[in-house]
Amino acid sequence: MNATTPSAIRAVGLTRTFEVGETTVEALRSINLTVDQGQFVALVGPSGSGKSTLLNLVGGLDRPTSGELWIDGVELSAGKEKALTEHRRQRVGFVFQSFNLLPRLTAVENVALPLMFVGVAQRERLERAVELLAQVGLSDRLDHRPTQLSGGEQQRVAIARALVNHPAIILADEPTGNIDTATGAEIMALLRCLNREQGVTLLLVTHDPEAASFADRVIQLRDGQITEEAAP
Amino acid sequence: MRFRDILATAFSSLTRHKVRTALTTVGVVVGILTIVTMVSLGIGVQREMGDAFNSVGLETVRLYPVTDEVSAFDPFGQVERTKLLTPDLVAQLQARDDLVEVTPFLRIPNGVNIVVRLDGREAQAAPYGPRPAVVLGPFETLPETLAGTDEPPAEGGSVVLSSALLEDLGIAAEQYAGLIGRPVELVLYAPRGESQVFPLEIAGVIERQWNSSVSLALPDRLEMLQWWYNDPDYMAHRGYDEVVIRATSLNDAVQIVNWLSTLGFEVESLKTMLDMVNRGMIILQTMLGSVGALALLVASIGIANTMIMSVYERTKEIGILKAIGAAPGQIRSLFVLESSLIGLLGGVVGTIVGWLLGKGLNWLALKVLEWQDVPMEGTFFVVSWWLVLAALAFGTLVGLLAGLYPAARAARLAPLDALRYE
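Going down the list, the protein sequences come from chains W and P.
Heads up: the first sequence begins at 1 in the working numbering, then just goes up one per residue.
Heads up: the second sequence begins at 1001 in the working numbering, then just goes up one per residue.
I should point out that these hints are in silico values taken from the structure, not numbers from a laboratory.
Where is the CB? At the ideal position from N, CA and C, for every residue including glycine.
One or more of the hints may lead you astray.
Claimed, not checked - Quick list of the computed label-pair ranges, beta carbon to beta carbon:
{"hint": "1", "chain 1": "W", "residue 1": "H144", "chain 2": "P", "residue 2": "S1384", "range": "47 to 53 angstroms"}
{"hint": "2", "chain 1": "W", "residue 1": "R123", "chain 2": "P", "residue 2": "L1023", "range": "23 to 29 angstroms"}
{"hint": "3", "chain 1": "P", "residue 1": "I1301", "chain 2": "W", "residue 2": "G48", "range": "42 to 48 angstroms"}
{"hint": "4", "chain 1": "W", "residue 1": "E81", "chain 2": "P", "residue 2": "R1279", "range": "34 to 40 angstroms"}
{"hint": "5", "chain 1": "P", "residue 1": "E1313", "chain 2": "W", "residue 2": "G119", "range": "23 to 29 angstroms"}
{"hint": "6", "chain 1": "W", "residue 1": "H144", "chain 2": "P", "residue 2": "Y1312", "range": "26 to 32 angstroms"}
{"hint": "7", "chain 1": "P", "residue 1": "R1412", "chain 2": "W", "residue 2": "H144", "range": "32 to 38 angstroms"}
As the list claims (entries may be wrong) - With a cut-off of at most 27 angstroms between alpha-carbon atoms, the simulated DSSO-like pairs for lysine-lysine come out as follows:
{"hint": "8", "chain 1": "P", "residue 1": "K1359", "chain 2": "W", "residue 2": "K80"}
{"hint": "9", "chain 1": "P", "residue 1": "K1316", "chain 2": "W", "residue 2": "K82"}
{"hint": "10", "chain 1": "P", "residue 1": "K1018", "chain 2": "P", "residue 2": "K1316"}
What the hints assert, rightly or not - Computed footprint of chain P on chain W, listed as stretches where at least three residues anywhere in the stretch have a Cβ under 8 angstroms from a Cβ of chain P:
{"hint": "11", "stretch": "58 to 70"}
{"hint": "12", "stretch": "79 to 87"}
{"hint": "13", "stretch": "200 to 214"}
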């Protein structure tokens, strides 16, 4: 690893606990993890093992209870709300299991949406969105609404949206969970391709060994701890 | 985030639920239209009154004799006058150079029965005039002259008849011109059983559709009063009933009022009346405006409710927006602007409807007045530009304030919880 380039993700003693009534649930127990830039990492493990919690922490959707989390050389856990917003805007892009597209917007509008919050002019936003939709192979679906698209197509739109702000890291939470196997493989191939060609760091949460097989590293979580790490 | 984008997004959210937006807006519409109608009524009436008073002239002063207490046991008896408006006083006033006009009045009492006799036909008539050129009651217009002159000559001996009276006498409009210079008899009947004929000449005909009246000059009035009270020295005992004085300026009017007050007269200046009317209008406007304000308060609760519902419904959407980089402040702006737009929309519709309602009520009021035999012209509802702007701004402000709390709730939502919300 080049010493001058900070790691994409570096977690030190990362812990996240939830209060559920009287009891305290430890979702993550003092995780130590380093992911280099451009790596494709799959997080696997049973439900409740803490893999989604880790993803959400990296994405700035949640804050750790204790420990340090460095993304691209920036300490995130100490950040205020404003810093987290900035983080979500500039450094990460999300791909969700249920796509989470806005149903009343067209494909191109959905992709362009994140740019609106950074103050990019509409024409420029739409141009970039069209470009990205072409990259994911949806040039002929620009003005379709999510309901008019298949699951695989919706997920491609979501991937294009995740890329629109030039993020360093793509966070994908079960991206193939809601689509059939063949389409899932296509989605994984697309993600892999983006990772290879654009050097985007990819953090994938999945149940699916098929999907995990695309990754450079597979990290197994169980009860909030890393139990196993393997390169397939 | 650009304002244009916030606006477009908020606007598209509103158009997504058209019925809900419309129903929420109705509250604001009712509030704004009440305020617009009421305030425009206030402005209109105030302006009409002001115009009326201005045409009368604020420098006009009315002077009355000082009277004793009315005797409760003698309703038909004359009230004793302790200070008279004598011809000397009138002459003294007329000599002043700060007065444009000094017009003494003599009133024929209500009980006096005047019968006009012309070509062997008879009809009852009420005395009318004389009047100083500019002194008219508010909303009163000068009657049109149909033949001859509209005022009997000051030296007396001739009268002006109203068209209604001539109709009673069976004389058609085409014959009016031929009446000028013809003799006419006015007959007075006293309760003591006597009657007296006053031979006069017709000087003119005026348009008065509802009142059978005869205009009489001061000398003829005095003659009638002398006969009626059987008092040849009537003027020395009673004096004039009223003197209308018009000063050259408002300042002069104030001075003359002060001077007459020191002489011990009862003086009424139109300025004091106008001030009173204006105060009354402001109170009325405030009261009516408060009704609208109350309606707007209710409307703002409606908007807040709609916006809270909307935040609930869009919880997941808010989560998505936050995940893709929307700042809490941006989410807040979106919702505040959305509710402000509801307020603005209500303001626009309310102003238009309020304006139309004012037009309708104005028409109705004039119709009712006409039906009640008080025909007049006038605009009692005036929607001025500042009122339009104030209504729009106020509507928007109500929407904005109502949206603050729901918007803060939306902005505060934790992204992860919002994303999980179904």
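The hints, checked one at a time:
1. H144(W) with S1384(P): 47 to 53 angstroms: holds (51 angstroms)
2. R123(W) with L1023(P): 23 to 29 angstroms: Since the Cβ atoms of R123(W) and L1023(P) sit about 36 angstroms apart, the hinted range of 23 to 29 angstroms is violated.
3. I1301(P) with G48(W): 42 to 48 angstroms: Check passed, 44 angstroms falls within 42 to 48 angstroms.
4. E81(W) with R1279(P): 34 to 40 angstroms: Given a distance of about 55 angstroms, which is not inside 34 to 40 angstroms, the answer is violated.
5. E1313(P) with G119(W): 23 to 29 angstroms: holds (27 angstroms)
6. H144(W) with Y1312(P): 26 to 32 angstroms: The hint (26 to 32 angstroms, Cβ to Cβ) holds, given that H144(W) and Y1312(P) are roughly 28 angstroms apart.
7. R1412(P) with H144(W): 32 to 38 angstroms: Taking Cβ atoms as reference, R1412(P) and H144(W) lie about 34 angstroms apart, which means the hint holds.
8. K1359(P) with K80(W): It is violated: about 57 angstroms lies between the C-alpha atoms, which goes past 27 angstroms.
9. K1316(P) with K82(W): The given pair, whose Cα atoms are some 21 angstroms apart, holds under the 27 angstroms limit.
10. K1018(P) with K1316(P): Since the Cα atoms of K1018(P) and K1316(P) sit roughly 21 angstroms apart, the hinted pair holds (cutoff 27 angstroms).
11. 58 to 70: holds (count 3)
12. 79 to 87: holds (count 3)
13. 200 to 214: violated (count 0)
Hint violations for this structure: numbers 2, 4, 8 and 13, all remaining hints satisfied.
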